[in-house]
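Protein chains: 2
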Amino acid sequence: MDRRELLGSVSIFASLEEKELDLLLQATTTKKLKPKEVLCRKGDPGNQLYGILSGALKVTTTGTDGKDVMFGLMGPGEVIGEIALLDGEERSATVTAVEGTELLTLHRRELIPFLEKNPRAAIGLAGVLAARVRSLSDRAEDRQTMPLPGRIAKRLLSLSESHGKRPIVGGPVEVRMPQQDLADLVGTTRESVNKQLRAWEDEGIVELGRGRVVLKEPASLEAVTAMFEL
Amino acid sequence: MDRRELLGSVSIFASLEEKELDLLLQATTTKKLKPKEVLCRKGDPGNQLYGILSGALKVTTTGTDGKDVMFGLMGPGEVIGEIALLDGEERSATVTAVEGTELLTLHRRELIPFLEKNPRAAIGLAGVLAARVRSLSDRAEDRQTMPLPGRIAKRLLSLSESHGKRPIVGGPVEVRMPQQDLADLVGTTRESVNKQLRAWEDEGIVELGRGRVVLKEPASLEAVTAMFEL
DNA sequence: TCCCAAGTGTGAAACTGTTCACGGTCGCGG
DNA sequence: CCGCGACCGTGAACAGTTTCACACTTGGGA
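Chains as they are written, first to last, in this note's numbering: chain E, 20 to 249; chain V, 20 to 249.
Keep in mind that a hint or two might mislead.
Stated by the list, open to error - Okay, the calculated bits of chain V under chain E, using three or more residues with CB under 8 Å as the criterion:
1. 84–97
2. 106–120
3. 148–156
4. 186–194
These are computed hints drawn from the structure, not numbers from a lab. Where is the CB? At the ideal position from N, CA and C, for every residue including glycine.
Given these sequences and hints, build the entire structure.
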């Protein structure tokens, strides 16, 4: 896969013309992250924008007590790092690779002038941000209206869509993520997640393994979420 | 105050040239809202962007059980409605006037072409969105790391900065908001807020009144937040 | 290949915050 | 100027989660 193809695969640049892409390409570098490697930490100054080419990143913050909050898991085609770059503040979260990951990096001094010349890209970027706001506020809402089982079910389903694998073709979807991370994502403890998952395992709805959850009956999970929302 | 002055007072347009402002002005309308009047509801189609000229709006969503979540209180100079407009989805929340409010409205069909011709405004808009993401993720973090008193204290302080009044010049700051709204904002029940506030009143930290909280000792509240965070 | 760090499973006890069920009071709109 | 709706105050019982304290498993790296 050549560099241009890579760049085109990052959503916000997908709509650009060839020659604009070429121009932008010259300003990019690529970067590789090993599993567990940290891309940036909350509080760092942030002048780079990253596009994910392959792999997966988790976005978290850590309280001093060690209590983590995970905001999301990002995959290929997604953009990360725009916030600090756009408002000029510090990085708002810590970003860590959960597996080997390839990134495209773009520095603010190249990006801002580029956006000024290519308003469509700027609008596209704003669109990405708008979606981010939407998902954050949805989750905030869930967190204070939906009881724990509903939240776990909902997040499992959404993870299965964005990051699910099917070990056997046509078989059930598997979500690769330790229970601790699931807990951080849902806003609860590892223990609570474990207990809920075990309960579902007994009902045959999921199957558990070290670092993974297999959704045997997604429909039952949907039923759980439906019980609470709206 | 003439129309142009109004437009310039809305943050994202503050950096525009005179002639650009004039151009944009022709596309705007003004709108007035009475107290408690609803600007839009979650789920509506959304094609307007609003700039707040005066007054205050609250942004909320309501679960079917009647449990509300308040995302924020917006004041003069702030922009609202960008999200639905940028991602083409439904309105993501309900917006209600808490007092008499004057708005500037701008339709998508005028705004998008305008942004394409004025990339700086597009970038500015992206900046607003970035700030929105930041505040939402901060709150998400608080909500699952900080116990209730800390969250209440923190929100009171931030409200006092953005919407506080000083009934007597140089006197203590007063926040005008019913306890129910405070609860929705912090993500708890009215009762819990009331109990905490009463406790603080007994300690002389705040003073309560119908629909208002007077921060007599903001420093003590800061101490409460400091106890938990970081 | 063996070891150990990371991850999982589980119960009991403690607690934080909610729910429920009231009564009281304020102040504004008719 | 008075009534009624909106807002405040409060306690008791309850529920859902967290905390704590373990034992157990597993897979990958030295």
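These are the hints, each one checked on the structure:
1. 84–97: holds (count 4)
2. 106–120: holds (count 4)
3. 148–156: Coverage by chain E holds for the stretch 148–156 of chain V (8 residues, Cβ < 8 Å).
4. 186–194: violated (count 0)
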